[in-house]
Structures are given as structure tokens and as C-alpha cells.
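Student: Chains as they are written, first to last, in this note's numbering: chain A, 47 to 377; chain B, 214 to 504; chain C, 19 to 735.
No lab work stands behind these hints, which were simulated from the structure alone. Among the hints, a few may not be true.
[Unchecked claim] Pulled a few chain A residues facing chain B out of the computed Cβ check, cut under 8 Å:
hint, residue
1, I59
2, V62
3, L179
4, V182
5, F183
6, S189
7, I190
8, P191
9, V197
10, N201
Ideal Cβ placement from N, Cα and C applies to all residues, glycine included.
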Amino acid sequence: MTRFLLRRLIYLIVLVLVSTSVAYVLAATQLNPRSRYEGRNPPPPAEVVDAALNAVNMNDKAPLTARFGRWAGGVIRGDLGLTIENQPVNDELGRRMWVSLRLMLIGSILGSLLGVAAGAYGAVKQYRFSDHLLTVFSFVTLSIPIVVLAVLFKNAGIGLNNLLGFTGDTKLLYTTGEMTPGLAVWSWEGLTNRLSHLILPSLVLTAVAVAFYGRYQRNAMLDVLGSDFLRTAQAKGLRRTQALIKHGLRTALIPMATFFAYEFALLFVGATFTEKIFGWHGMGEYFVDSVTKNDVNSVAGVTLFVAVLVLIAGFLSDVAYAALDPRVRVS
Amino acid sequence: MTEPETEAASRGRLVLRRLLRQRLATVGFITVLLLFIAAYLSPFVGAWQYNELDINAFLTAPAGNHWFGTTQNGFDMFALTMRGMQKSLIIGLLGALLSTTLAAVVGAFSGYFAGALNTILLTLIDLLLVLPSFLIIAILSPTFRGKTWLIFVLLLAAFQWMITARIVRGMTLSLKEREFVQAARFMGVPGWRIIFRHILPNMSSLLIIDATVNVSSLILAEVGLSFFGFGVQPPDVSLGTLIGNYAGAALTYPWEFYFPAGFLVVLVLAINLVGDGLRDAFDPNAGIQAG
Amino acid sequence: MSAGTAVPLLDVKNLSVTFTTDAGPVTAVRSLSYQVQPGEILGIVGESGSGKTVSSLAIMELLPQTARVSGSVRFQGEELVGRSDKELSTIRGRKISMIFQDPLSALTPVYTVGDQIEEAILVHADHGGPGGQGGGSISRKAAKERAIDLLALVGIPNPRQRATAFPHEFSGGMRQRAMIAMAIANNPDLIIADEPTTALDVTIQAQILDVLRTAKQATGAAIILITHDLGVIAGFADRVAVMYAGKLVEAANVDDLFSRARMPYTLGLLGSIPRLDVGARQPLTPIEGNPPSLVDLPAGCPFVPRCPMRIDTCTDREPELQPLMASGDDHASACHRSDEIERLDMKSADVFRAPDLPALSTLSTLSTGSTPNEVPREQRKILLEVRDLVKEYPLTRGAILRRRIGTVHAVDGISFDIREGETLGLVGESGCGKTTTIIEILNLTRPSSGTIVVLGKDTATMTGAERFAIRRDLQVVFQDPMASLDPRLPIGDILAEPMHAHGVSPADRADRVRDLLRLVGLQPEHANRYPQAFSGGQRQRIGIARALALQPKVLVLDEPVSALDVSIRAGVINLLEHLKTALGLSYLFVAHDLSVVRHIADRVAVMYLGRIVEIGDVNEVFDRPAHPYTQALLSAIPLPDPRKERQRRRIVLQGDLPSPANPPSGCRFRTRCQKFAHELDDAARQRCTDESPALEDRTGSRDRLDACHYATQHSVL
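Model the full structure from these sequences, guided by the hints.
Tutor: Structure follows, in C-alpha cells:
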């Protein structure tokens, strides 16, 4: 089994390398960093522009193979190159990724736990009020684009603040940024302030994840509801609810493992929008800005980050699958 | 099944639910149809065209012949929303058709003809799944800027088909072992003909449901990309560009945001209802056990 | 039991079960009444849809929520219908336990077998402990030990170690043993076994029936055995109840039912099963038509449309199940004419008769040449010849980077031939390689090793065009009539497809489709209906018609009747026999049901683990089998005759089929061979271990080869 997972990991790493390379090549050929210096008045001399572009390895006059070689060489050494503003991509990524990861981890962990619980509950209470409530919630949430959902949450937050009289600088729920500037990070105020900044954006992502998992978990539960082994469990003397939870839920968790990988990719896009709406300086903002700025190395860096995330999620899916299903755990 | 009364009640609820489900699907279908008609008829009905400026009305709330109000530049919100919906609908429908067709063909061929073709297609699918579609389309967006939006649809579809193709492949693998396919093979019917005559028709329900679900996913994907300016490019508008442009105005000039957003949500919801109804209709899950 | 004999253990009265479906309410069980006495074995027989499974699930209240149950089920004097889930859960598994048909899906895949048996013990620990063992709760550790004891009791080797295995690591027979262990864990008073052996091979079936007998001895429980197999019932049950269309139509003690059936349906069932122990071709009397739909049952007797004895009263009024006037015992039957049948002592053949099939001369598009029936075998042309055929599969592991970890020897050097106008039955249990063999033949490609010659052409040297042309003469009928017809095409198109592929003109196609439908006993007007509109038996007829569309010479029949209900089966068998003589066909008939093979085949080849162990004239082989495996196989098949069953000494094979990836050395059967185990001395055994016995003539009989060093003829029927 370990060998299977190891081989799987190697395959995934190869895929990540290939996909990042594809992204680099696409970015290097499609984006035009030279445009940054065009239209300036007075126009800078061509040599100066070339020198500036060469410095960050984005000169379109250099052959693509050479640029790719230099970039790939750096990546192997753990250096993602320089941004178009001559800053190390590593630093920028290092700072921003935790901002995004914080949101995504909260969203995915909270969302998957709550979603699985809600879906299982819905299936057990099939066609009762609570089941209908979950179905409607999932259905509507998954029909709303995350941008719109984030705007709705933000406005609701502002409305709540106003309603409860938090009209000054101190708010109950903050809707911009990740922390009020000037507070000591590790002080009590700093932490609570961070927390009240975190609540709304996390809620957005959690809601989406709950809707997603809740829907699939419910369906997976309903699939096993008519199964023979549930009947056996009841024939043994387990009560219906006991059988549903001990035998039904446990088995219905297996397909969830595969959804984990898909859902994580979905969550990254979700986090991008959420950051944008709530004014967080995370990976999403970085990526959008770097495409607009024709910043090839940054674009490639973000793609690598996302690909690695998908890889980790995919690998965790495989591990979870093997842990949940003894049938794939062949020695 | 504790006591007869609740049993009867839950059965009644089941029947009611099935009815309701079907009715919800009907409601969804009619809503999509009405929105479609509205989107394409509005240029002839509304007082303003989407690219027409009313220099007497900047940022006015819904009133008079500006049913949905106006924007900062004096564009009519109703005309913009309807125009945006046209684009979203056509992108969704066209993209779904493309991606489901691609998924069906790739999945069926890779499942039916094992060997090198299968390996290549599977690796391609894996690779496309790891490539973040959002990022790739964003990177390519400067290229199709100023060109036809059809390229954008092609790109959206190109990143939408992989999971379905895998499902189709899986079903093909099992259908291939089914005896009616084997019978055709042992009669001497060629492989491509078996695929189009026996295999794909036997998963038509999956493909129809998938196409429906894809319409709404693609509309949502368009919104996401256009929100950041990576999708539909001005002067063209879509619901995504409208939502992107006016998300900041949601509190101050709510009509700018909530009309396009509202129409979008209703549209997607309606399409999803149709998809769900179709799923139910194709798989009624009738719980009879023969003894 | 405290109740004694006065109160029956189980008393079912007017039990009805109705399902709400989209098509309307379906009454699957209609006022069913029967009793089970303590320690008694009641067999319930019926075809699919007769309500036999639903009624037994209703006793346990294990039906889906869409079911409405009415009537009364009294167990040890206590009413069960309408009790809460909580109350019932103290009875389920403790007083009444159940064994299901499919032991794979009936066990939870994610828990070990030991854990699942343990759970059955622990869940009742606070209900006064396992019945009969006194009160008090039981510790986890004690439960684990008891689970291991139970596994040992049902015959699982190394129970301590095997208890930690997951269900998918068990073979089908082992899983069913584990299910039985679970069922007897709390010494129940009643065990309901729902088709416990249907999913299993015959030799494993014999093992499981043995285990059930052991379980009964250990617990003293009464058993309700639900099955469609009259043979199993004959050898196992004390009393038999026959169900049809949700109702009990006849009930009697087992001897009476088989010798003096008094309801036409029962008579029909008994007349339609081919008998393993009848040598000369006995005529089968099929029951025409199909069981009724339960959605809108007409007022009268549900068997009316299929009953040759129907009178007007039958359509007006449904007969009640009543004790027969002439017999003073507990023989009851639901037929208006039972007393008449009783008086005349009518048998199956008196009530039913074989139907006429259309003469071939009326079907101009299908007539062929003469039928060479009278020519001796040696002089007839060889149509299909298989020599030393080997098929090996690589055993691979890994999803992406596949690597080979072994070889499955699915078929390992088999040889046989089929001559003009002849039927060869290829028999064996699952995993013996018979399906691989026919797929290899049908593929018409070069085999891994050995040769396949079809109509004089070697598949190894065939060109693409020749291969395509040969497909005309070599056609196939598959097992599952549901899966073998494309549900998306009308049957006219299905029948025309082979003709289209081989360039028959559209006008000829239409004509021949009509004739084909008439040939197999269907109406030409049926051509534009879809497969769903037909019953299983009719679909199998369509499958046969499609195979005949190109007027082939050889037909490969892959278990053509095993998916059909008993009453339908006889009709299809009769049709196949008729077609064979009328069209001069040759059959390669693959089956696991030896009774059917005896009925239809001229010669038979018995396969075990990729090899043919015995081949020869069907009567020779069945009456005087020489190979121990053939003997065991024949011995394992229950006969629908209670008296014979009681007298038979059964050879029960040990263990499971070894893995074809790792077959035993020498003789492949030696690990399970009764002769090897009990009759041979060490020196003789050594030869079995070292030397693989060749397939040769050891008995000196005409047309008979076997592959056993120590073959001796020995009748087992």
C-alpha cells in the first residue's frame, strides 16, 4: 500500500511539474511584459528596457528555451525568480500564501465536517423538515456565484454592524482586510481583531463547502440506504439509526474521499473571490494583479502554488480512500 | 416504520415530493425559457439599447423608462442586464454542448479502444485536471481580448469535459462487457459503429443531465472570469462583467449590482432545477423489491 | 420451548404487503397464512416475483419504508406486526435471524468478518445474553472468542486468523458460512434463509446445505428455507409451501408435494424441470405465458392465463387455500379443480403438453439443407476443433504504472471438437475456464497457444476478411436476456443488425425478421417493440432469433437458460432442441446446470480449473462418471425427488476452488479430491502430486476420455 501511494505521489509530482511548465510557457508567450515600458513619455531607450527585462528573465527577444531554462533551473533550486518589480517571487508567495491558506483551511475543514454531518443527518431524516432545509440550502448556495455570495455576506455584516450600533472604528465584524493596522499581532486585541476580520470570509467559504459536501454526502448515504448490508445489520438486531450510522455512514464516507480533491480546487477559486471582496492581500489578488501586470514569473509561481495544493489534496484523497476502504488496501 | 400512521405519512410525503420535484423542474424549465425570451426580445421592448447613453440620467434609481435604473455613465441597467443574460446564456449553452460532446467522444473511445490511445487520453485528462483552468484561461485572456468571444467559449469548454469523460469512460468499460455489445462485436460490427449505435445511446441520460449541469457551471465560470476582466471583454457585456463592475456599488447603488446578480442566480437556479428534475426522471429509484 | 406444540413457533395470518410505486400500488404478498412448528424446516418455493422474499422480510419488518404491511405475524404467541423498531431489534438476530442470498453485498465491506459476528453478539448482550446461555452481559473479549468458535463451527479453517479478514477477502462460500455463523450467534429459535445457495456453485451449495444442517443441530432452530430450486427443497425441507403471484397456492409435506401435487402450477413446475437422473430424453412440459403483473391483478385465479385446466369459475373467483377433501393430512391447495386432480391422480404430463413449433417449410427465408442425423459421428464433418488451447491473463497491479505480478492460467491446454449436427455441453463451476474458452473461440484470433479451427479455417492464419466471413457461421446466444439486447433499439433493428453488418439487402432483412420472429414463437408484429416490452423468456427467444439471422452452422450457447425462471426455462430448451433438428445446427452449450446439459447435449466435457477432466457421451459420463470431480459434481446436484434425496450418499468436496493464478502441481483436483483424501495410499498420492494426468481413455468405453490416474466408474445418481 505504501508503495502504491509512493508511486501515486511520484505521478502527481510529474503532473505538477508538467502543468507548471505548461503554465510558464503559456504565460511567457501570451503575456507581454514589454508593454509595461510602452507608452511612457519620454519612451525609455530600448537598451534600458531590454536590460530591465533581462534582469527579471522576461525579455521576449531572448529565445523561449533560454528563458524557460533559466526559470526551470531556478525552480529546481527553489528559486521562483523575480517579479516584474524586481522582487523575489518567493518572498511575495511566502507572505501571501498563509493569508489564503488560512481561509481555505478553515473553509475546507469546517465545511467538510459540517457538510458530512449535515448530509448524513439529512439522509437519516429523509424527507423530514431538516432534510428539506439542507437540500434547499445546498441547492441555492451552489447556484449562487461565490462573488455574489461574498458581496451578500459583506453587506449583511455591514448591516449587522449598523444594526447593533458598531458604527465607529471598532466593529463587531470587519469587512475589509485581515486586521486593523497598528495593532500588535500577538496581543489579545490583535487576536480578537483578527478573528472578527476572519469570521465573514470564512463563513462564505464554509457555506460553500457545507453545501457541496452536504449534497454529496446525502446522496452517498441514500445510495447505501437500500443496501443489503444495512438490512443485515438490522437483521442482527441493530436499530435502524444505529445501523445507519455505524454501517451506512461509515461506508458512505468512502466516495467522499474522492470529492475532497475536486472540492479543494473549487475552494481556491472561491478564496480568490472572497479575498477580493473582503480586501485581503492573498494569492488570489496576487495572481489577478500579476496577469494584469504581465508578470510572467509571478503567474508561474502562483500556478505552481495551486498545482501543489491540488497535488496535496489529490494525495490526501488517495490516502483517505485507502484508509476508509479496506478493498483498495491490498497488500 | 415505527407505527402505521407515520408510515402512511412518510409515504404521502414521498408522493408529494415526487410531484413537487417534477413541478419544480417544470417551473425551472419555464423560467429558463422565459429568461431566454426576455433576453432576446428586450432590445425590441425596452426603451433603451445596452450601448445607448441617457445623458439626462446618471445613476438614477429604477424609475420611468429606466426600469432597472441607470449607471454612472447613463447606461440603462435593464438593457445591460438583458444583454448580459444573452451572452451568459449563449456561452452556457454552446459551451455545454461542446464539452459534453467532447466528453462523450473522448470517454467512449478511450474506454472502448484500450491500449495506447487510452493511456494518452487518460494522461491528458489528468494533466488538464491538475492545470488550474481559472489560471490558464486568465493567462490566455490577453490573447483573445479584442477577438471573438467564441474563443472564450472554446476555452471554457476545453476545461470542463474531463470529469465527465472519465465517467463516460467508466461506463463504456462496463457497457463494453455487456452482452449486447459483445453480441454486436461477434457479429462483425465495427468498433466506431458500436460506440455510436450502442454505447453512447445507452448513456444518453447521463449525457443529457451532464449537459444541463454544464450550462450552469459554465455560466458560473464565466461570471468568475469576467469578474476579474479575464472573460467577456468590453464593449461586450455579460452578467459576469456587470457583477464585476458593480460589486463595489452594492451598498450605495444597489440596483447596479442586485439586478444582474439576481437574474444570474434565478437563471442558474432554474437550470439546476431542470437538471435535478431530469436526474429524478431518468433514475426514479422506485423501491420495489421482487421476491 | 415453553410454548410446546400447542402454540406454533411462527403463525402468519393474512399477511399482505403493498408497495407504493409510480405505476400504482403493487401487492407483492396477498393474505398469506402459514405456520412453522418449533424445529421444523419449512421450504417456500416460488419463482421471481412470487412474493417469497418479500413475505419473509415482512416477518422481520425489514422492508423499505414504501411498504405497507397488514395482517398478523405471531412469533411465540407475540404479535410482531406494528411493533416499534426498538422492540423488534431485541427480537431480530436473537430470536429470529436471517441469512440472505448474496453474501457479498450482505456483509458490510469496511468491517472485518470477526467484528461483524462480534457485533451480532454484543448488540444483544444487554437483552439477557445469547439465548440459552443465561442472562448477564458479555464482555468484548468473550464475544470475540465466541465469534471465533462460531467460525470454526461453520467450517472456516484457521478461524482465529480468518476472523480478522474483510468480506472481500473471503470466497462466496466462505462469506455464506460467515453469514450463517452470524445468524446462529445468539441461538435463535427461527432462522429464515432466503435463497442461501442461489449465488453459489453446486459443490459449494452442497457444503452450505451441510453447514445449515449443522447449524440447525447446534441451535435446534426452525428454518424457513426460501428457494426457487425444487431439488434443494426436496432434500432439505419437512414441509413445502408453493407461492405464486403473492399467494400460497399449495402446501404439503415434502413427499406429498412431489408425488401428489394438486395444483396445476405445482404440477407445471415439476414437469418443466429437466431431471439429472432420467437418461432418455424426457419431454419437458413448459408452462406457457408469464407470471402476471402484480399492479392490477384481475379478480380470478392469477394462474388462469397459463392454466390448461381453467374453467369459467377460475376467472370469476380466486380459489382459497383449502385442505384437500380426500387427504386427511395437512395437504392444502388453492385450485377449484383440486379434488378432480386428486380423484384422477393427474400428473404433469396429464395437465400440460409440449407446444407445437412452426414447421420450417413455412419459413422460406430460413430453410437450409438436409440434417445429417443418421450418419455415425466419425463420418460427420468437424465444424469446430480446439486443440491444446491455452489462455493466460497477466495478473497486474497498480492503476497507472501496471506491473505483472503473476499469471492466471484460465484455460490450460484443452482439446475438443464438435461435429455436424451435434451438441457438446461444456460444464464446470465458476472459475473453471468455460467462459474464457468460448470468448477465445468467438474472438477468432490467434490464441496464446494451441489452435482453434472453425469450419476448416485456423484462426491463427485467418485474414480479416475471412474472419468477418466466418462470423456468419459462428453465432452466439448469451446468458442474460436483459443484457444481451440493446434496450435502446426496437427488436426489428436488433434482429436486422447482423444482416446489416453482413450486407443483406433491406427488403430481405425485413422478410427475414418476420420469419425469425415466427420461428422462435413470437409475432411478426412485435418487430417494432422495444426489449423492455418482453419477458425474460421472450427476450431469450429474441436473442436466439438474432443468432440465427445469418443462418449460422454453429451456435455457441452461453448459459442460455440459467437466468430464466423454471417455468420459462423448459420452453426455451424445447425451442433450442427443435431448432437444432430443424435447421441442422451444432451447439456448443456452456452451462453449470448439469440437468439441462443432460437433457440437451449429445456429448459433455467437464472442466475443472482450466482443464477438461472428463469428456464423452453424455449418458456414459452421467451414468458412470469416472473422474472423482465429475462424481462429486453430479453427487452435489439435488434431485427434485425427496425419496431419492434421502437415500443418496453425497460426496461433499472440501474447501474452495484454488486460485487459477497458483494452481496445484500435478493433478489440479487433488487438493479437493475425495479419492486422494480417503482412498489412496501415500505412494499413489505422490503420483497425483507429481504427474499431471493426461486426458485419455482409461475405462475402455466407447467415446470417453478422463484425466485421473485412478479413474474408476462409479454411479452417483
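Student: I'd like to know which numbered hints this structure contradicts. Please list them from smallest to largest.
Tutor: 1, 3, 4 and 5
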